[in-house]
Amino acid sequence: MFAHEFVRNALIAGSFVGLACGLVGYFVVLRAQVFAGDALSHVAFTGGLAAAVLGLNILAGVFAATILGGLLMGVLGDKARADDVTIGSLFAWTLGLGVLFLTIFTTQDSAGNGTAGVRVLFGSIFGLSRTDVRNSVVLAVLAGVLLLAIARPLLFASLDNAVAAARGVPVRALGLGFLALLGLVAAQATQAVGALLLLGLLAAPAGAAHRVTARPYRGLLLSAVFSVGSIWIGLTLSYVFPTLPPSSMIIAAAVGIYVLAFAKTGSGGQAARLRLMSDNVA
Amino acid sequence: MPEAAVFQGLSWNPLTDMHQLFAYPFMVNALEAGTIVAVMAGVTGWFMVLRRQTFAGHTLSVIAFPGAAAASLAGLPLAVGYFGFCGFGALALAGIAGSRRSLSAESAAIGSLQALALALGFLFVSLYHGILNGLDSLLFGTFLGITTEQVVVLLAVAGAAVVLVAIAARPLFFASVHPDVARAGGVPVAAMGFGFLLVLGLAVAETSQITGALLVFALLVTPAATAHQLTARPVLGIVLSVALALAVTWLGLALAYFSIYPVGFYVTSLSFGSYVVVRVGRALGRRRQLTARLALEAA
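The listed protein sequences derive, respectively, from chains A and B. Going by numbering that gives the first Met the number 0, 259 is the number at position 260 of the first sequence; the sequence numbering is gapless. Going by numbering that gives the first Met the number 0, 114 is the number at position 115 of the second sequence; the sequence numbering is gapless.
Incorrect hints may have been included.
[Claimed, not checked] Chain A side only, calculated, beta carbon under 8 angstroms to chain B, not exhaustive:
#, residue
1, Gln-32
2, Val-33
3, Ala-91
Since the hints were made in silico from the structure, they are not lab data. Backbone N, C-alpha and C fix where the C-beta goes; we use that ideal spot for every residue, glycine too.
Assemble the whole structure, with the sequences as input and the hints as a guide.
Set out below in structure tokens:
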């Protein structure tokens with residue numbers, strides 16, 4: 000399995016993408032913002048298409064669009080927390096813009112070199128090049144470091160916004176910064192491994208970690224472990240059974256872990272666990 | 000071909016332009032279909048926004064994809080797949096929402112469900128090997144290719160959804176705003192939640208097949224969100240939501256007719272534009288009130 004370069008590339012890039020998604024996902028779930036991640040992965044498509052239409056660098060377009068999209072959600076949302084209605088409205092508009100750019104793109108340039116660039120958007124984990132791997136590693140490490148740097152105040156602000164604000168934590172700036180960071184991770188994951196993996200790896204491993212433990216740093220670690228573990232399980236399954244697509248298997252593994260965590264901890268009690276968590280932080 | 004039915008471009012004469020809009024049967028069908036979807040989306044969307052279930056609504060509109068893929072793989076009619084998966088999705092989402100809501104757990108669970116649905120769809124498509132008919136139109140819709148028969152189907156499905164929501168409107172509103180009080184008052188809150196998601200899911204699945212998931216989702220969320228910004232009164236809010244949905248659909252269709260760009264772009268841009276204008280207007284109004292009060296207190 001490790002003899003093939005494409006498998007090695009998939010494992011390395013996948014592990015780092017998984018790490019970033021697992022770490023950021025822990026806070027995404029805590030702040031109930033999985034929908035924002037979902038929307039930002041579509042913002043990435045629109046950004047890439049817009050850059051292709053305007054003849055700009057597609058990667059730059061993807062990153063600029065998602066980071067701006069994250070900030071816009073925060074600005075429009077209540078208390079910079081991006082509520083579901085704001086995300087949904089922005090989401091719908093993004094899809095509409097995407098259709099527009101797609102129409103312009105397909106009518107304007109049918110055989111130019113732009114088509115190759117747009118393929119970047121539909122990332123496939125078994126089709127990564129050395130450069131893709133390097134980019135994924137650098138960006139994942141960057142996102143991880145940025146997140147850990149703001150982890151403590153962000154945790155405080157996520158659990159008790161009012162008390163954190165009263166204690167002088169800049170909750171609004173933190174909320175906006177976190178959404179921009181989520182945009183960065185969404186752009187990186189979407190163009191490397193696809194929007195499907197981003198959504199699944201943000202939601203399921205973190206959801207499982209929140210069920211298993213109420214202690215924040217242990218939860219953060221568990222979320223990253225579950226996420227990277229899902230990548231490995233999924234890639235192995237897909238390598239052994241080549242008819243099964245890798246992204247479907249990775250998601251199946253992640254959701255499997257999530258269901259196991261549910262079965263183990265029983266239903267209910269999430270509210271109590273969150274309360275316990277606030278006590279741990281304060 | 001009669002002379003009136005020759006496309007002449009925008010003449011800037013409102014009467015001739017209006018006449019032109021209705022000259023082609025496909026355009027009449029599109030306007031009728033748009034009107035039906037807008038009314039359905041305006042009403043159900045208002046409750047969806049009230050219940051803060053936008054993410055669930057989007058997930059339901061995605062679930063049609065694995066449904067169609069599973070039906071193709073099993074050799075069943077597509078409708079069986081759509082309805083089966085949407086019903087199952089509504090059941091799962093209602094279970095997730097549960098009786099006591101924790102927003103963070105709900106967010107993770109809905110995200111996982113949607114990812115699983117997409118992963119299954121992707122798996123079925125790659126196992127199927129064939130070309131899945133109508134995937135593109137499922138996403139973006141073939142709005143300008145709607146047949147008269149489809150308009151009738153749309154009318155039946157959307158009409159049924161609106162009637163069901165209208166019958167349950169009072170208890171549904173109560174259960175959405177004050178679940179605990181409603182439960183104490185004998186309203187079956189959990190059953191209401193499931194029923195609403197089921198109606199929403201089936202209506203979205205059926206209308207998406209014809210007009211595309213993009214347009215349905217856009218009309219469900221944004222006009223309702225704008226209406227909720229403008230008024231807290233339920234009846235007025237629903238009327239506003241429907242009126243906004245109708246206005247953006249008609250304007251969007253007319254603009255698309257006279258230009259080369261797609262309907263989806265115009266409809267989403269118009270509705271998002273109105274949402275932003277209302278949000279900004281309200282924020283400015285609140286700030287003015289605040290400064291006025293401060294000035295009053297200082298005086």
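For each hint, the structure was consulted:
1. Below 8 angstroms, beta-carbon pairs count as interface contacts, and Gln-32/A has one with chain B at about 7 angstroms; its hint therefore holds.
2. Proximity of Val-33/A to chain B holds as hinted, the smallest CB-CB distance being about 4 angstroms (cut-off 8 angstroms).
3. Interface restraint check for Ala-91/A: the shortest CB-CB distance to chain B comes to about 4 angstroms, inside 8 angstroms, so the restraint holds.
Hint compliance for this structure: every hint is met.
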